[in-house]
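Enquirer: The chain contents come next:
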Amino acid sequence: MTREAKHLLAGYATDSLAEAERRELLRAALDDQALFDALVEEEGLRELLQDPAARQEVLAVLEEPTGWERVRAWFERPATLIDLGAVATLVLAALAGYALLSIRPAPSTRTPTAARPMGAALSPQHVAWLFQLPERQVAPAGVEIAMRPDTRLAPGEPLHLRLSLRAPARVALLEQQADRPGMQAWPGLGQPPALIPRPASGGPAIQEVTLETPAQEGMHRLRLVVAPAELDLGTLASEALADVASRLTIVDLRYQVTRQ
Amino acid sequence: MDLGAWPVRTFRVRALGYSPGAMTEDAALERDEVLVRVRARVLAAARAWVSPADAEDLAQETLLLLSTKYAHVSAAHELVALGVQIVVRKRLALWRKAARRKGLGETQLAPVDRTDGDSLDRTPDDVPDPEAIARDRQRLSILVEAASRLDGRCREILRRKLQGASFVEIAAELGRPVNTIYSWDWRCHKRLKSVLGDRWAYVAGREDER
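Protein sequences appear in the order of chains A and B. Those letters in the first sequence? Residues 294 to 553, by our numbering. Those letters in the second sequence? Residues 996 to 1205, by our numbering.
Just so you know, these hints were derived from the structure itself, not from any lab. As the structure is a computational prediction, the values presented were derived from the model and not from experiment. It cannot be assumed that every hint is accurate.
What follows is a list of derived Cβ distance ranges for each label pair [stated by the list, open to error]:
#	chain 1	residue 1	chain 2	residue 2	range
1	A	Leu374	B	Ile1137	44 to 50 Å
2	B	Asn1174	A	Ala389	57 to 63 Å
3	A	Ala372	B	Glu1126	52 to 58 Å
4	B	Ala1127	A	Val364	53 to 59 Å
5	B	Glu1126	A	Glu356	27 to 33 Å
6	B	Ile1137	A	Asp308	18 to 24 Å
7	A	Thr359	B	Ala1035	44 to 50 Å
8	A	Gly378	B	Gly1147	31 to 37 Å
From the three backbone atoms N, C-alpha and C, an ideal C-beta is built for every residue, glycine too.
Bound conformation, chain A alone (with noise of 0.2 Å):
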């Protein structure tokens, strides 16, 4: 079969030769048999296509666009108010969006943590044992006046307080008003000490905690205990309090209340 004619072979299924092609085509057959063959082959498919409503049928499907076309399409006809108008909302959600992501704030390694409750809470007891233990760093841990440059502070003000601390940890904020007795300052009295979770980011957690300056004038104290987290104090009676004291990290934050 020689290669030109072959290559006629779907052009005469189609009758789409024209005459010296169809000739040149059906010569060759004569004395090829290979391709009188493929021309037999090919018979049944030409005479299909000889009937023009099976030939129109055909040719309907193919000037359908496929789909690609479509695309190519609706992207080749002008532009109408309406894609305007879609490109334009496109562009403003994006811009929407990406000031939300701006204005919200960076996530600070220094998250505060969600600390809750848990335990038994301290007795009066366990709170004076503790205001007699000295200050000892066990793990690291800090408490410091938030927003204020100094420590003095107006009766009855809003005392904002950080604590920084390695956790977890089982956290309490007890206070000692001039010449009155301790107490629990946080959480509120009555409570456990607040048991702090390990944050997410690794570093220290944060407990931002919100106190009020007493009324009365003068030095106060307030004292950060941290125990581990598996130590209850709440639990322990005072005999027993000694034994856990070097597990504890004790921290003073001393200020000052005066009327201005």
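Given the coordinates of chain A, assemble chain B onto it according to the supplied hints.
Expert: Showing chain B alone in chain A's frame:
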């Protein structure tokens, strides 16, 4: 072959689209030579489908038709085209007849029966029956489905061909050499057959290959 027994040729060549002209004795001899070669082609093709004896009969019947019913045709390429058409129809008729007989309890392929009312010089398409019409509808729907799965260049070339464009016209429209269009068309035809797969034989009317 008794060439002298062939009928005197009448020339309906214009109606068939041939170049009109008187047939000379040389042309007649050439026609005889063409018929011998067409018969050889038909015989070789038929041996692939039927027994050697049936193939011999089929080739002889084809030659008989070309010598009698188409005695006015002299151009070699037209004789080849007619030979192809006749052998394809006879093959289909033979298969359908065998299938009918098989349906009636006979399991063997029946030999060509020249005395049968379904004479071989009457092709199956001469007398369309509801079954044949339904079959053609099915063939067409398969072809349409396959054509819908063509894309890009193949879709474009087949579309233009069915619109009646010649290869030269398609080449001009696409701005390519005509030989390139021949190659593309051939590859696209193979692509169409590939999409059809096992259904190609049925679409091409070779029901006996299903």
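Enquirer: Next step is simple, just say for each hint if it's right about the structure.
Expert: Hint check:
no., hint, verdict
1, A:Leu374 to B:Ile1137: 44 to 50 Å, "45 Å, holds"
2, B:Asn1174 to A:Ala389: 57 to 63 Å, "59 Å, holds"
3, A:Ala372 to B:Glu1126: 52 to 58 Å, "55 Å, holds"
4, B:Ala1127 to A:Val364: 53 to 59 Å, "42 Å, violated"
5, B:Glu1126 to A:Glu356: 27 to 33 Å, "31 Å, holds"
6, B:Ile1137 to A:Asp308: 18 to 24 Å, "20 Å, holds"
7, A:Thr359 to B:Ala1035: 44 to 50 Å, "46 Å, holds"
8, A:Gly378 to B:Gly1147: 31 to 37 Å, "34 Å, holds"
Figure legend: structure checked against the earlier numbered hints; the only hint not met is number 4.
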